[in-house]
Amino acid sequence: MSDQIINHSPASLKHINTRLEKLGRLADRLDVLAYRYQRVSACCRELSEQYAKLAQVLDQVDCVAFEIRQEYTLMIEKWRSDF
0 MSDQIINHSP
10 ASLKHINTRL
20 EKLGRLADRL
30 DVLAYRYQRV
40 SACCRELSEQ
50 YAKLAQVLDQ
60 VDCVAFEIRQ
70 EYTLMIEKWR
80 SDF
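So for the sequence shown, numbering that gives the first Met the number 0 puts the first residue at 0; every next one is plus one.
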């Protein structure tokens, strides 16, 4: 391929340079947004894990509360049958 000389007017080169600078700023902004997305995504994963643990604890509390209600009911029935 032969060397080609590209002739651009100074205004055209300025326009191209302006567009390249804008693209550079947009690329920097995209990097910032990608970093923030990764942080938020990591926080969401952690919150999801914490929610799962909380759900397990609440299930355990519910089971214990059910057992307490059963024992209370049996105790009341026994107490009433004794009188």
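Keep in mind the hints are simulated off the structure, nothing from the lab. Fair warning: there could be bad hints in the mix.
Between beta-carbon pairs, the in silico distance windows are [said to hold, decoys possible]:
no.: 1; residue 1: P9; residue 2: A41; range: 44 to 50 Å
no.: 2; residue 1: I67; residue 2: D30; range: 33 to 39 Å
no.: 3; residue 1: Q59; residue 2: Y34; range: 53 to 59 Å
no.: 4; residue 1: A54; residue 2: N16; range: 55 to 61 Å
no.: 5; residue 1: E76; residue 2: Q49; range: 36 to 42 Å
no.: 6; residue 1: C43; residue 2: L73; range: 40 to 46 Å
no.: 7; residue 1: R68; residue 2: D30; range: 54 to 60 Å
no.: 8; residue 1: F65; residue 2: Y36; range: 39 to 45 Å
no.: 9; residue 1: P9; residue 2: E48; range: 54 to 60 Å
C-beta atoms are modelled at their ideal positions from N, C-alpha and C, and glycine is treated no differently.
These are the hints, each one checked on the structure:
1. The hinted window of 44 to 50 Å between P9 and A41 holds, with their beta carbons roughly 48 Å apart.
2. Between I67 and D30, the C-beta spacing of about 55 Å breaks the proposed range 33 to 39 Å.
3. Roughly 38 Å separates the CB atoms of Q59 and Y34, a value that falls outside the hinted 53 to 59 Å.
4. At about 56 Å, the CB distance of A54 to N16 agrees with the hint of 55 to 61 Å.
5. Taken as a hint, the range 36 to 42 Å holds for the pair E76 and Q49, whose Cβ atoms sit roughly 41 Å apart.
6. Range check, C43 to L73: about 45 Å between beta-carbon atoms, so the 40 to 46 Å window is met.
7. Restraint check, R68 to D30: a C-beta distance of roughly 57 Å satisfies the suggested window 54 to 60 Å.
8. As the Cβ distance of F65 to Y36 is approximately 43 Å, the hint placing it in 39 to 45 Å holds.
9. A beta carbon spacing of about 59 Å between P9 and E48 agrees with the range 54 to 60 Å that was offered as a hint.
Hint compliance for this structure: hints 2 and 3 are broken, all remaining hints hold.
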